[in-house]
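*Asks:* Chain A is already provided as a structure; the job is to place chain B on it using the hints.
These protein sequence lines are chains A and B, in that order.
Per the UniProt record's numbering, the very first residue in the first sequence carries number 1; after that it's consecutive.
Per the UniProt record's numbering, the very first residue in the second sequence carries number 1; after that it's consecutive.
Hints were generated in silico from the structure; no laboratory data involved.
Mixed in with the good hints, there may be bad ones.
As the list claims (entries may be wrong) - Result set (DMTMM-like, lysine to aspartate or glutamate): computed pairs, CA atoms no more than 20 Å apart in a straight line:
1. Lys296(A) <-> Glu187(B)
2. Lys205(B) <-> Asp33(A)
3. Lys196(B) <-> Asp33(A)
4. Lys42(B) <-> Glu99(A)
5. Lys205(A) <-> Asp151(B)
6. Lys186(A) <-> Glu187(B)
7. Lys205(A) <-> Asp180(A)
8. Lys186(A) <-> Glu295(B)
9. Lys186(B) <-> Glu295(A)
10. Lys263(A) <-> Glu187(A)
11. Lys428(B) <-> Glu49(B)
12. Lys296(B) <-> Glu187(A)
This structure is a prediction, so every number in the text was calculated from the model and none was measured.
Protein chains: 2
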Amino acid sequence: MAAGRQDQLKLGAFLYPTGHHVAAWRHPQAQADAGVNFGHYKQLAQTAERGKFDLLFMADSVGTRGAPSEQESLSRTATRYVAQFEPISLLSGLAAVTEHVGLVATASTTYNEPYHIARKFASLDHISGGRAAWNLVTSSNAEEAHNFGRDSHVAHADRYARAREFAQVVTGLWDTWEDDAFSRDKEAGQFYDPDKQHLLNHRGKHFSVRGPLNVARPPQGHPVVVQAGSSEAGKALAAESAEVIFTAQLTLADAQEFYGDVKDRLGSFGRHRDSLKIMPGIFPVVGRTESEAREKFDLLQSLVHPAVGLQLLAGMAGGVDLSQFPLDGPVPQDIPETEGSKSRQSLLLGLARRENLTIRQLYLRVAGARGHWQIVGTPAQIADEIEERFHGQGADGFNVMPPFMPGGLDDVVELLIPELQRRGLFRKEYEGRTLRENLGLQRPVHPATRSRQAAA
Amino acid sequence: MAAGRQDQLKLGAFLYPTGHHVAAWRHPQAQADAGVNFGHYKQLAQTAERGKFDLLFMADSVGTRGAPSEQESLSRTATRYVAQFEPISLLSGLAAVTEHVGLVATASTTYNEPYHIARKFASLDHISGGRAAWNLVTSSNAEEAHNFGRDSHVAHADRYARAREFAQVVTGLWDTWEDDAFSRDKEAGQFYDPDKQHLLNHRGKHFSVRGPLNVARPPQGHPVVVQAGSSEAGKALAAESAEVIFTAQLTLADAQEFYGDVKDRLGSFGRHRDSLKIMPGIFPVVGRTESEAREKFDLLQSLVHPAVGLQLLAGMAGGVDLSQFPLDGPVPQDIPETEGSKSRQSLLLGLARRENLTIRQLYLRVAGARGHWQIVGTPAQIADEIEERFHGQGADGFNVMPPFMPGGLDDVVELLIPELQRRGLFRKEYEGRTLRENLGLQRPVHPATRSRQAAA
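Just chain A, same shape as in the assembly (with noise of 0.2 Å):
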């Protein structure tokens, strides 16, 4: 069942529309008009599938970020990409056009129902064959929350009491049918075993929902889960409930001490610790030589507008706004700390802070990878050193962001793949046919399978 290698990567294309540098949609060869073009997505990911690629990745967030609303002044200047497809409508769209690759949505918590997420995972699963995985986000932006008939953005505590029971309700109801429930006996005129079939009847703080689901069990059993949370609430939540963390590390030591804090967190939830891959973002910049890496990401660099570098520092740190203090001087150190992501916004003043950054430096170092992971180099020089993270217990895999797309995916898939592979660090053909089958997940059994065999 559980195919993939434990002694290979696990390896995610995380995609956004023209790339993930900031001024990537400036690039002379991007696709400038990427959100609403099918067709480059398509290629995409039938790029991601030719690299043997684990899964496709999508972040999403129910309002514009970075939208002029909230920051006139920055906006009416340049800006970036605000609109693009809806996630989960776009990979059902990929999963007709790619066989193997898995399709992971980002859907949040916060303003949505329980029973809409499981059942479109769930269908997702079906369409795709099994290769559905649900991103379990919660929402910080004040963005999302004027959508939804809230004046600002839920607390951070709330968000994630809230979380830890939608998820709870979502896979409770993908457990609402067996795996066999369906038997679908025309001479009998049986369509399914009413034994088979189990209320859900939850009643919480947060949801009460019945069920059962409206979608068969899917194929994965649960469709796999990831969260991204780095926050304390985020690790806890996800040594319980998680089975990929996307994550930003951006030292070995950094991504070797979270490694272990949350691996070791398994045990009390009775895991063990290949259950759950953990997958910081990697942002590679590939070259056949040094210089060639360096012009391709001098280039982008030279693309990025001062006013998109600002309000990019200010999406990231919660809202924090540092439009008012002086371009070339340095951070300042005591922003008041917001209800937004807290992780990210000490991730980002603990950078400025040891390397004594400017703002524009500041804003330069995270337009590319914004605070993930960046190397610059050959396939060699990038294979080495994430063959160092993955054998240092830093990382299970990476969940690559390339910079500019296509050309940046196709530089990962033609340069670099080949010589993860050569080195036995990444698989050569698809392990398995489902997501979880590649990555080496188990399957989860029904809980009344489960019970039966156990009197058996």
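*Replies:* Then chain B, alone, in the frame of chain A:
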């Protein structure tokens, strides 16, 4: 722009896993796993496109209609389809493997948020290149209420008030960007023109939504808005905001009355009679000869289990329970009115009274077409009746409900459609690129564009 001919029929293919006859899944050729078989739907969609259908239509419910929890005693003996793909994800997948056919998904205004719905249909419209439509419904099913924290469903009047405001918010969100708002000017670093972004700033009784939507204005301006209610409130809402009505009309006289009533209402909203297409359901059992058609129908009728028939009547008439009355006695006319779908309940009771039917006869009558217009015959016989209703101002087209799938849809495409084409009643090639163009509906001009044109 509005390329579709007004002198020809519009045709929808109403997809339902194994077909619309309640016993279709027991048909020897039925793909009984249809609800989780994407390949089956891909085949249906491509068949419909070969037949030049305007659109694929998918019903929806956010619960398991007719699942055992409500009527345990009935359902343990046998049952019908209760679990299947979620429509928006399924149609997104089908968008990737079709080119011309429209994609209509049903989504309830009762247990959704308008931002999610506006976004998903805008996304589907971009994925499909302008082929999306939203069938706006309200939820009258207690099964659905229990999945969304309620003990009973919402009262009829409240549902429609919410639906009306919901539709205003959704169409408003589709207009939060002008068509050419995304200039994507790489040189200037200007991704979009802030003057062409319009916040919605809606504050109403049910919703507060600021916007903008995080998807560009859809290729069709607005995805086509479909409605299915035939109650007084449903007709009023449709006359204000629908562009297609899916309805159930059994006789020519009923169809003409409904058609005239709804079309006459359009003027008071400043709308042209051609701006709303009325497409009643039709359940055609097509045979090369009359006896072949009759045999096909009799086979399906012979497969209806009595428990299923009673359950079906209960589901159609808003939860009314006829199981306490003799199966071969008359349908009682004094059953209490429920908060369910009033229009369908009175339709059923009217039919029973008019034709003096027993309970068994009534369920066998509606088991096929479920209250829709049913014709069993040769292509010429069916085309005669279609022509009469179309030319007699009873319909602008029909939503075709094949009794079993894929065979029943194949029959329509191979036998009936060529007959309609021969008579000049139906297209031989698609006229336009978008669903809106094929239906002959105008593309909504953005309000700001209209103001600018008026000022010039």
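*Asks:* It remains to establish, for every hint, whether it holds in the given structure.
*Replies:* Now for the hints, and whether the structure bears them out:
no. : hint                    : result
1   : Lys296(A) <-> Glu187(B) : holds (18 Å)
2   : Lys205(B) <-> Asp33(A)  : violated (37 Å)
3   : Lys196(B) <-> Asp33(A)  : holds (17 Å)
4   : Lys42(B) <-> Glu99(A)   : holds (15 Å)
5   : Lys205(A) <-> Asp151(B) : holds (15 Å)
6   : Lys186(A) <-> Glu187(B) : violated (64 Å)
7   : Lys205(A) <-> Asp180(A) : violated (32 Å)
8   : Lys186(A) <-> Glu295(B) : holds (19 Å)
9   : Lys186(B) <-> Glu295(A) : holds (19 Å)
10  : Lys263(A) <-> Glu187(A) : violated (51 Å)
11  : Lys428(B) <-> Glu49(B)  : holds (11 Å)
12  : Lys296(B) <-> Glu187(A) : holds (18 Å)
Going through the hint list in order, the structure does not satisfy hints 2, 6, 7 and 10.
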